[in-house]
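Using this note's numbering, read the sequence shown as starting at 524 and increasing by one per residue.
Source of the hints: derived by calculation from the structure; they are not laboratory data. C-beta: ideal position from N, C-alpha, C; glycine also. Hints may be right or wrong, so weigh each one.
As the list claims (entries may be wrong) - Below 25 Å or equal to it, Euclidean Cα-Cα: the simulated DSS-like pairs (lysine-lysine) are:
| id | residue 1 | residue 2 |
| --- | --- | --- |
| 1 | Lys650 | Lys538 |
| 2 | Lys650 | Lys682 |
| 3 | Lys611 | Lys538 |
To be verified - FRET-style restraints, in silico, Cβ to Cβ:
| id | residue 1 | residue 2 | range |
| --- | --- | --- | --- |
| 4 | Lys538 | Arg588 | 23 to 31 Å |
| 5 | Asp576 | Arg678 | 28 to 36 Å |
| 6 | Glu554 | Gly624 | 18 to 26 Å |
| 7 | Ala564 | Gln596 | 17 to 25 Å |
| 8 | Gln560 | Asp713 | 24 to 32 Å |
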Amino acid sequence: MFPLPFFRRELPALKAERITLRLPEPNDYREWAALRQTSRAFLEPWEPRWSPDELERSAWRQRIRRYREDFEQGLAVAFFIFESRSGKLMGGITVGNIRHGVSQSGQIGYWIGERYAGQGFMLEAVKLVVHFAFETLRLHRIEAACIPNNARSVRVLEKAGFQREGLLRSYLRINGSWQDHYLYALISDDWGGSKTRG
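Please model the complete structure; the sequences and the hints are all you need to start from.
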């Protein structure tokens, strides 16, 4: 049923020098909710409008269920980002809309707590996920979209090697308003750690 054999309940953590990525677990709730709450004003301008129960445990359970279902169906892989040294949760990054067959593509999205922003952690996470997407998922193309005035996100994507391909008008409803987004993409043939795939 799964497009690739690695899609199972357990997936080894991905590690870089300063960060570790792993699948979210139910026991992450308190740390996740606390980080999201303290970073709310920082995150809200770039995300879909938060629901009234956004940080409630019931909403968390639904979120975990959706993460697992998407993973088991081979549609998405959601990771939490942890600081390797302290083990503290710093944010999240997802490869979603995974398509195989003639497309072999996916999209990445990410967030980071305000106290960890601007320190290069997200760039490390994006590079780890790119490697995972090309080498493990065997994707050919990875896309990302960001609001044009989100300078931090633009910088992360461009430093990670993504190329801007165009402007998507009124693409996503962010914080209650339809927003234009830049479309970025990275192709496996242009990625230094990847070889051409058939």
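Status of the hints after comparison with the structure:
For the hint pairing Lys650 with Lys538, the CA-to-CA distance comes to about 11 Å; that is within 25 Å, so the pair holds. Among the hinted pairs, Lys650 with Lys682 is consistent with the structure: their alpha-carbon atoms are about 10 Å apart, no more than 25 Å. Taken as a hint, the Lys611 and Lys538 pair is honoured in the structure, with Cα atoms around 14 Å apart against an allowance of 25 Å. Between Lys538 and Arg588 the beta carbons are some 27 Å apart, a value that agrees with the proposed interval 23 to 31 Å.
The given range of 28 to 36 Å is respected by Asp576 and Arg678, whose C-beta atoms sit roughly 33 Å from each other. The hinted window of 18 to 26 Å between Glu554 and Gly624 is violated, with their beta carbons roughly 38 Å apart. The hinted range of 17 to 25 Å is not satisfied by Ala564 and Gln596, whose Cβ atoms lie roughly 34 Å apart. A hinted range of 24 to 32 Å is violated for the C-beta pair Gln560 and Asp713, which are about 39 Å apart.
Checked against the numbered hints above, the structure violates hints 6, 7 and 8; every other hint is satisfied.
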